[in-house]
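*Asks:* For this one, chain C is given, so just place chains E, D and S with the ligands on it according to the hints.
Each chain, letter by letter, is given below.
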Amino acid sequence: MNPTHLVLGVIGADCHSVGNKILDAYFTEAGFHVTNLGVMVSQDEFIDAAVETDAAAILVSSLYGHGEIDCEGLRAKCVERGLDRILLYVGGNLVVGKTPYAEVEKKFLDMGFNRVFGPQVDLAEVVELLRSDIAAAGRK
Amino acid sequence: MNPTHLVLGVIGADCHSVGNKILDAYFTEAGFHVTNLGVMVSQDEFIDAAVETDAAAILVSSLYGHGEIDCEGLRAKCVERGLDRILLYVGGNLVVGKTPYAEVEKKFLDMGFNRVFGPQVDLAEVVELLRSDIAAAGRK
Amino acid sequence: MRFEQMAWKDFLAQRLEVLKTWPTGKDVDLDEGLRYQRGIPEPKNFARAMNKAKSGRKTLIQPRAGVALIDDHIRLLRHLETEGTADLLPTTIDAYTRQNRYAEAAVGIEKSTAAGHSLLNGFPAVNHGVSGCRRVTEAVTKPIQVRHGTPDARLLAEISLAGGFTSYEGGGISYNIPYAKKVDLGDSLRAWRYVDRLVGYYEENGISINREPFGPLTGTLLPPFIGHVVAILEGLLALEQGVKSITLGYGQGGNVLQDLAALTSLRELAGEYFAKAGFSDFDLTIVFHQWMGGFPEDEAKAFAVISLGAFVAAAAEVEKIIVKSPHEAMGIPTKEANASGLKATRQVLSMLTDQKICADNDIIRREKELIRNEVRCLMEAVENAAGGDPIQGICRAFAGGLLDIPFAPSIYNRGRVLPARDNEGFIRLFSKGNLPLTDDIMSFHKDRLAERAKAESRPVTFQMVTDDIYAISKSKLIGRPK
Amino acid sequence: MRFEQMAWKDFLAQRLEVLKTWPTGKDVDLDEGLRYQRGIPEPKNFARAMNKAKSGRKTLIQPRAGVALIDDHIRLLRHLETEGTADLLPTTIDAYTRQNRYAEAAVGIEKSTAAGHSLLNGFPAVNHGVSGCRRVTEAVTKPIQVRHGTPDARLLAEISLAGGFTSYEGGGISYNIPYAKKVDLGDSLRAWRYVDRLVGYYEENGISINREPFGPLTGTLLPPFIGHVVAILEGLLALEQGVKSITLGYGQGGNVLQDLAALTSLRELAGEYFAKAGFSDFDLTIVFHQWMGGFPEDEAKAFAVISLGAFVAAAAEVEKIIVKSPHEAMGIPTKEANASGLKATRQVLSMLTDQKICADNDIIRREKELIRNEVRCLMEAVENAAGGDPIQGICRAFAGGLLDIPFAPSIYNRGRVLPARDNEGFIRLFSKGNLPLTDDIMSFHKDRLAERAKAESRPVTFQMVTDDIYAISKSKLIGRPK
Ligand code: B12
Ligand code: B12
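Protein chains in written order, with numbering that gives the first Met the number 0: chain C, 0 to 139; chain E, 0 to 139; chain D, 0 to 481; chain S, 0 to 481.
Treat the hints with caution; some may be incorrect.
Here are the computed lysine-lysine pairs in the BS3-like style, where the Cα-Cα straight-line distance is at most 30 Å [unchecked claim]:
#1 D:141 - S:473
#2 S:57 - D:481
#3 S:181 - S:110
#4 D:181 - E:76
#5 D:334 - E:97
#6 D:275 - D:431
#7 S:57 - S:43
Keep in mind that the hints were calculated from the coordinates and are not lab data.
The model shown is predicted, which means the values in this text are computed figures rather than measured ones.
Next comes chain C alone, as it looks inside the complex (with noise of 0.2 Å):
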C-alpha cells in the first residue's frame, strides 16, 4: 500500500520553522509521506506540490499572525487547479492577537478550510482526525 501524501508547509511571509520541524518528523513517523516546503511559502507552491504528489490534504501552519490575509483564497484557487477534493487543515497562532478558538475556527471553516486547529493542539488527535477524514473523502 502506498504511504498516504500530505503536503506541509508555514504560508506567508512567515518564518516561524520550530514547529514546522516537529510537524513533518511526527506526520512522517505517522506513516504519511510528508512533502515540507518549509517556511515562506505561498499559496501556489502548496498547490504545486499538492498536484505533484496527488497528495490527500495540505497542513498549512501561519504562527505570526497574518494567516487571515495569507490564507484568503486558498480553497478557490485549489478548486481551479482541480484540486476539489482535497483536505485543508491549518494550525497555529491564525490571527493577531489572543482570540477566542471559537471565532478563529468560524473564520477559517468560512474560508474553506476542513479543520482549524490553535497552537496548543494535541498532534495525536489530529492524526486521527486526519485519518478519517481521508477515509470520509473516499481517499486513501
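*Replies:* Then chains E, D and S with the ligands, alone, in the frame of chain C:
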C-alpha cells in the same frame, strides 16, 4: 489651642496590628491627639473612648474581611450614646474578597460612615479630608 | 529545661470541659475518631506526604482557603486540587472561630447563606462539627490541614482531627502573640499543650498527624532568628507531648541570600536543639511562606512577588511552600485567583526542580553564622528563665522582653523591637528592645543600618521602618526616600 | 581578518537605488535627518540611555510592540511608557516589511483600517515613511528603537533614523538565518554593512545611534556559544563601519547558572575580541531576552516564566531586558497584557536591585570556561575561512557548517546541529553537525547528556529534543518522559 481628639482602632476580632501602628504614628505626627485602642475593639469600646475624650472622629479599621458584619449598627449606637455629630471614618480591606471600591464605599456610606477608604489610600489625603470635615462639622 | 508529657488523666478531665464549650463538641468520640482516621487512605495522610517530599527532595505546594459554607468550601478545594494542582490542601478557619466566638460564626454562616456568598473569612469548622469536617475531608483527594490562628484551639483540634484532617497548624506562641490581644500567654501555651497531647495520643495509636507551628508570626520585617526561636520552642513543646511529624516554618523576608540562610539554618538549628533536648524519634520538615507582608495591589506585580518566593523555595529545597494569590492585597481570593497563584508557583518550581542554584556562598555562610549566634542568645535566655519549666521560661522571657515579636498586637508582647532593612535589603535590628543579643551582634546590625542611613542621607528612624513596611507593596524591597 | 569601512561613494551610489525601492524613500534626506536628530532631547537618545544604565548599574526594561496604524501605535506606546513604566520603547515592524513586501504591507494597512484593529503583526514603518515615523517618535518621552527581523533593512534604516529612532536592531546573520529562507547570506551581510555605515555616518556627525544585533536567533534551545559567536561577529562588522554604541544580546536558556555564565562571558569575550581586532572607541552593553521559546498558554504560568527571566537579568546586572507578556503563547499582546509583563518584570528587578545574588560560583566558572573555549573554536574557524575578509569568512563558515544555528529556516544554514538539555537543564549538544569543536568539548557535552539518558532510561534521540522544545510550555524545563 487643644489638639483635636481622634479615636483609632481595629474593629471586631481582627488582629491586624501593623496598619494600626502606622496610622497611630501618622495622625499623631499630623497634630491630632490619638487614642489608639489597638486591635480587636468592640463598638462599645470605640464609643466609650470617644465619649471620654470628646473625640471629633472615630477611625475604624477593618482588614480581615468581617468589616461588613462588625460595623453594622455603629452609627445608631453613636447616636444612642449622644455622639450625634461625630465623624465616622472606616478603612482597610472592608469586605471579603476583591471588590470594586465603589461598591464597598456605597455599602459603608449606607451604614452611616462619613468616609470610606481602601487599603491603598494616601494618608496625606485622609488628613486633609479629616481637617475639612471637622471644620465643616463646626468642631476643631 | 525538662520536658514532660501531660498526665493522661489531666487531659481527660480538661477534655470534658473543652467539649462542652459548643454543642458540636458532644459529637466527638476519641476512639471513633481513631477508627475513622485509620480508614483514611495513606496518600491522604499529611505527615506521610511531608516525609515523602523530604526523601524525594520535592517541594509541595499548598494554598490558603476557606469559606463559610460546606458545599462552597468543597467546590473551592476541588478547584485548587484540579485546576491549581495543589499537592496539599488547607482549610483556613474564620476569625470568629479563632477567638472561640462560635455564636458570631453562626451569624456569619446565616448571613452567608442569605447573601449567597461567604461573609466569613474562613471555614467555621467548630460550628460545622465532626460530620461537616468529614464531608470536606472526604470530598478531596489530597492531604488536608487545618490552618487558623487560634490561641485556644482545643475544641477545634478535637473536632477537626476526628473530622479527618491530618495536619494541624499553630502553637502556643505563634497563634497567640500575632493573633490575639489579651489572651494570657500561659493560657495559650497550656491550651496548645493539650492540642499536642491529643496529637501525641493519635500518634501512640498509629495515626500520624502533622503539626506545624506558624513561622511567619506578624509577617512584617521579621528578622529570621526571632521566628526561629519561636519555631524551635514550639517544636520542643510539641515533641514533649508525643508529636512526631513536625514542620517548622519561615516567611520570605525578601533578601534572597538572607532567606536561603534562614531556611538552611532553621533546619539545622531545630535538629540540633531537638537532639540536645533528648528527642530523636521525630520527622522534621521545613515550610516556606511566600511574602507575608503587604502585597502590591497590581496583579502582575503580585505574580512577580509570588514567583520570587517560589524561586527561593526551589533554591532552598524546602518540603513545602505556602502560596499567595494575585488578589492578596485586596481580599480573600476567588478560587480562580487562588489557583493562579498555585500555577505560577508550580511553573517556577518545576523549571528549577533539577537545578542547583546558589546553595552556598560566603554571604549565606555569614548570615547562617549570625542567625546561629542570635538564636543561641535567645535560647539561653529562655532556658535561664525557665527554672526547668519551658512554659514558665517562655512566659517570663516575653514578660521581660527577652522574646519580643515586632508589630504584634498582644499586650503580653513588649513590642520594643524595631527592625529595618540594611542597604542590601537584609532585615536587621535598629532597636533590640530588651532582646539578649551580644554587643558584637548588635554592632553588626547597627553598622549595616548605618551604611544604609549614609547611602540615604537620613538617620535610622521609625520613618525608615514605615517606608520598609510599605516598600514591597510599592514595588520596592527597601523603602528609600523619594 | 581585516576590517575596512565601506567607501563613502559606494555607499551613496547604493543609496540612490535603495531609496527608489518604495515611494516613501524619496522623502529621506541625509542632512535633514541629521538636523532632525540633533533636535531630539538627550534623554530620548537610546545610546545615551544604555550608557547611563551601565554606569548606574541599572537594568532597563523594554517591551516589543507594533501595530499597523500610526494612531493606534502611539496609543500603544504611550500605554507602555505610562502604565507599563517601560524605560525604553520599541517599534516592532510587521513581517511583510521585513521581507521588503511593502505592497502587501499596504494591503495590511488598508484591511486594518477597515477592520478597526490591526491585521498586521507590526508597524509598517516604510509605508508610513519619515513623517509617519516622526509622529511616533515625537509622541513618546522615552528612547525608541526599531525592532524587526529584516535581511535587507537598508530602506527601513534610512527612513526610521531620519524619522527619529535612535536605536536599530539586527544584523546580517541574526536577521537572516532565523528570519528568512532564501536570502543569500552574503547579500544580507552586505545590506547590513550599508546599515552600519549609515549609523557610522550619524556617529561621525555627532549623533549616537545604538545598534543591537539580535542575540536569541531561533530562540530555541540555543547553546550560549553559538549566539555569542554570531553576536561578536556582528559586533565586529558594526564597529568596522563606525558604530560606537553596541548592545549584544542573549536569550534566556532556562538554566539559571548557564544563563548567568552566558551573560558574563558574552560581555567579557566581546570586549576581548573587539580589542583584539583593534577597536577601542566603543560602548558595549548587554541585553537579556526573557525566554524566547514556546511559552505556556496559561497566563499565571507565563508570569512565572517572565519573573524567572527578570530574576536572571537582575542577578547578572545586564543593562537591558526585553520583556514578554502573559499572552505570548497565544498572540500579539493587548496593550494591557504587554504592560503587565513589564510590571511583573519591574517588580522583580526593583526587589532585587540592591541585592547581590550568586554572581559567581564553581559551576558558573566551569560554564564560563566552556563557553570561552567553544567560542574560540568557532572564531578561529571563521578567521581561517576568511582569508582576510570577514563577510567571506562568515559565508564560508555557514556553507561548511562551521557556523550552524539549530532549527533555523534558512537554506544557507546547514541545520545539522541538535541541542538537548542535560539532566540539570543545561543546554548541550547531542549532535554537533560540522561545528569545529574539540573532542574534549564534545565529550563533556556527550557525558552530560548520557547522564540524563541514563536517568530517563532512554537514548538521546530527536524525541528528547522535541520533548525539550515543548517542555517550558508544558510547565517543565526538561522534557522528561511521562
Ligand atoms: C500581615 C497580614 C497578616 C498577619 C497580621 C499580623 C498582625 N498581627 O498584624 C497575619 C499573618 C497574622 C494575618 C492573619 C490573618 N489575615 Co491577614 N493579612 C496580612 C497582609 C499580608 C498585610 C497586612 C499589613 O500589615 N499591611 C501593611 C499595612 C501598613 O497596611 P494595612 O494593614 O492595609 O493598613 C493600611 C490601610 O489599609 C489603611 N487603613 C487601614 N485602616 C484604615 C482606617 C482608616 C480610617 C483609613 C483612612 C485608612 C485605613 O491605612 C493603613 C496604613 O497605611 C494582608 C494582605 C495585604 N495587604 O497584602 C492580609 C489580609 C489583610 N489578611 C487577611 C485575612 C483573611 C487574614 C486571616 C483571617 C487569615 C486568613 N483567612 O487568611 C487572619 C486574621 C485573623 C484575625 N483574627 O484577624 C485578608 C483579608 C481578606 C479580605 N478582607 O477579604 C488579607 C487582605 C489577605 C487576603 N487577600 O486574603 N494577616
Ligand atoms: C520562537 C518564536 C520566534 C522565533 C522563530 C524562530 C524560527 N525561525 O522558528 C523568532 C524570534 C525569530 C520569531 C520571530 C517572529 N515572531 Co515569533 N514566536 C516564537 C514563539 C515564542 C515560539 C514559537 C515556537 O517555536 N513554538 C514551538 C513550536 C513547537 O510550536 P508552534 O510553532 O506553535 O507549532 C505547533 C502548533 O502551533 C501546531 N501547529 C502549527 N501549525 C500547524 C498546522 C496544523 C495543520 C496543525 C494540525 C498544527 C499546527 O503544531 C506545532 C507543533 O506542535 C511564539 C510564541 C509562543 N508559542 O510561545 C512566537 C510567535 C509565534 N511569534 C510571533 C510574532 C508576531 C513574530 C514576529 C512577527 C515578530 C513580532 N512582531 O513579535 C516575528 C516573525 C517574523 C516572520 N517573518 O515570521 C507571534 C504571533 C502573534 C500572533 N499570531 O498574534 C507569537 C505568537 C508571539 C506573540 N504572542 O506575539 N518568533
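*Asks:* Against this structure, judge whether each hint is valid.
*Replies:* Hint by hint, here is what the structure shows:
1. D:141 - S:473: Holds, at about 22 Å.
2. S:57 - D:481: The hint holds at about 17 Å.
3. S:181 - S:110: 28 Å, holds
4. D:181 - E:76: Holds, at about 25 Å.
5. D:334 - E:97: 12 Å, holds
6. D:275 - D:431: 28 Å, holds
7. S:57 - S:43: 17 Å, holds
The structure shown violates none of the earlier numbered hints.
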